[in-house]
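Knowing the structure of chain A, use the given hints to seat chain B on it.
Taken in order, these protein sequences are the chains called A and B.
Remember, this note's numbering sits 65 above the position in the first sequence when you count from 1.
Remember, this note's numbering sits 65 above the position in the second sequence when you count from 1.
Bear in mind the hints are in silico, worked out from the structure with no lab data behind them.
Within a straight-line C-alpha distance of at most 30 Å, the following computed DSS-like cross-link-like pairs (lysine-lysine) qualify:
1. B/Lys208 x A/Lys313
2. B/Lys118 x A/Lys313
3. B/Lys313 x A/Lys118
4. A/Lys118 x B/Lys118
5. A/Lys315 x B/Lys208
6. A/Lys118 x B/Lys315
7. B/Lys315 x A/Lys208
8. B/Lys313 x A/Lys239
So the derived list for chain A, only partly shown, Cβ under 7 Å to chain B, looks like this:
9. Ala104
10. Lys111
11. Ser112
12. Thr115
13. Pro215
14. Glu219
15. Gln229
16. Asp309
17. Ala310
18. Glu335
Computed beta-carbon distance windows for the label pairs:
19. B/Thr237 x A/Ala194: 44 to 54 Å
20. A/Ser333 x B/Thr237: 30 to 40 Å
21. B/Ser320 x A/Gly220: 24 to 34 Å
22. A/Lys197 x B/Met328: 31 to 41 Å
23. A/Glu130 x B/Gln330: 35 to 45 Å
24. B/Gln330 x A/Ala194: 23 to 33 Å
25. B/Gln91 x A/Asn131: 49 to 59 Å
26. B/Met328 x A/Asp202: 35 to 45 Å
27. B/Glu184 x A/Ser198: 34 to 44 Å
Ideal Cβ placement from N, Cα and C applies to all residues, glycine included.
Protein chains: 2
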Amino acid sequence: MGREAPIGVFDSGVGGLTVAREIMRQIPNERIVYFGDTARVPYGSKSRETIIKYSRQIIRFLLTENVKAIVIACNTASAFAIDVMQNEFDLPIVGVVKPGARVAAETTKNGKVGLIGTEGTIRSGVYAAFIKSFRPDVEVIGKPCPLFVPLVEEGMLHDTITDQVAERYLGTLKERKIDTLIMGCTHYPLLRSTIGRIIGEQVRLVNPAYETAQELKRVLDREHIANVQEVDSPSSMYRFYVSDAADKFKAFANSILPFDIAMTQQISIEQY
Amino acid sequence: MGREAPIGVFDSGVGGLTVAREIMRQIPNERIVYFGDTARVPYGSKSRETIIKYSRQIIRFLLTENVKAIVIACNTASAFAIDVMQNEFDLPIVGVVKPGARVAAETTKNGKVGLIGTEGTIRSGVYAAFIKSFRPDVEVIGKPCPLFVPLVEEGMLHDTITDQVAERYLGTLKERKIDTLIMGCTHYPLLRSTIGRIIGEQVRLVNPAYETAQELKRVLDREHIANVQEVDSPSSMYRFYVSDAADKFKAFANSILPFDIAMTQQISIEQY
Chain A
66 MGREAPIGVF
76 DSGVGGLTVA
86 REIMRQIPNE
96 RIVYFGDTAR
106 VPYGSKSRET
116 IIKYSRQIIR
126 FLLTENVKAI
136 VIACNTASAF
146 AIDVMQNEFD
156 LPIVGVVKPG
166 ARVAAETTKN
176 GKVGLIGTEG
186 TIRSGVYAAF
196 IKSFRPDVEV
206 IGKPCPLFVP
216 LVEEGMLHDT
226 ITDQVAERYL
236 GTLKERKIDT
246 LIMGCTHYPL
256 LRSTIGRIIG
266 EQVRLVNPAY
276 ETAQELKRVL
286 DREHIANVQE
296 VDSPSSMYRF
306 YVSDAADKFK
316 AFANSILPFD
326 IAMTQQISIE
336 QY
Chain B
66 MGREAPIGVF
76 DSGVGGLTVA
86 REIMRQIPNE
96 RIVYFGDTAR
106 VPYGSKSRET
116 IIKYSRQIIR
126 FLLTENVKAI
136 VIACNTASAF
146 AIDVMQNEFD
156 LPIVGVVKPG
166 ARVAAETTKN
176 GKVGLIGTEG
186 TIRSGVYAAF
196 IKSFRPDVEV
206 IGKPCPLFVP
216 LVEEGMLHDT
226 ITDQVAERYL
236 GTLKERKIDT
246 LIMGCTHYPL
256 LRSTIGRIIG
266 EQVRLVNPAY
276 ETAQELKRVL
286 DREHIANVQE
296 VDSPSSMYRF
306 YVSDAADKFK
316 AFANSILPFD
326 IAMTQQISIE
336 QY
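Okay, chain A solo, but in the shape it has when bound (with noise of 0.2 Å):
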């Protein structure tokens, strides 16, 4: 495996890209293979041992594409999945949910940290378990949006509704005196405006898919496998497939990625 071989991303659809955006931001010179699972989108509210298995799959997808290392770019698959893959499969996998614990840890001063994500992701406790490890005094408090996907996917990410729904669901947080935020969903990112000035400027939001590019950087370079030979083209250098719908993913990426997909490949995604 070579150094000049591809990050695999993954995602349960088409979130993920706010993660691979990040990986293009600030690791420009990797190669990344991207898979997101859109016919079995959405995993937050389906179980570990499900989650589990559909990650599998894709490991196995995307090791045929030659990966050099694994980005879990899905909240959920990282609470449930994590563990169970790094002792299943020889390479490098980072997930999203560490990186944020960890950022989170270190930005609170009155140790109140408020989660918002799916109900897997809540549910699971992983993030707070992580958090906890980091700094046992710290309390999290989370808290499921259910509604911010599809609101997302409905590209109302400025709109008196979505404000109304964000009021319904930080409500909570507000009251409980949080100083940091993590925006614990790889779709948040994309509402964050709306979350910050409903939450308050003294809240200090935390992005994942940021902090998974910086822990990416650093596996790469500790394994001494991140690429130092010159950059091609976006076209040539990033690959996305699918296990459905083509073409609905590529619009939505076009609409995130500062570049346009030239092409998306659907891929059976059982058969792995």
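Same frame as chain A, now just chain B:
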């Protein structure tokens, strides 16, 4: 296959329980085997090919339960897959689209029928095609309402946010002066009071779940396979299967059905 054999009813998740409930009400002496594809929900945004593959797997599973007829209690699956399934399998298959379409065509006076549902259902054009086959002069005005399902699943059936979302979605249908509105997604009848209040009492609401139970009754009579035996208690007459997270399904089912479900069994649907 005896007259006492059960009816197989399936949906992408919990929504089809509104159809199962209508069958229980209108044909109380029929046994039901219900399958909710909770591991792969939602179907609304997925492609035709994927929906056909999923429907085929589910019908294969239901046949192992010796069902005498199938009800596709999912609008998206009815829209995309019913023709192919009726060709492939040798038992009566009833979908939710055709019965709803026929009643809408019979009901409208001004020839303007509104249709709300998932993107997949609207995009398929199947409701419009059936309605025009009954009455070619009818104009069908479709409006996808992707936020309705997550709002129902959040339990926000009576909520000012849901009112505003409904006003947004139904606004154009009101302007177009429809006199009939098809609730073309199995979750929507749970929002019936909100939808009815906002669209106005001059608009007749069509609930395909109700019409489907009527159609099933006619099919069972015509094929001479209606059950004529004495009936048992609900717990022995109705069986529930899901592809994921059986506990969550049970909680939602118990809030919709007039009795408590004793047991829900999880199966691995990809094996069929």
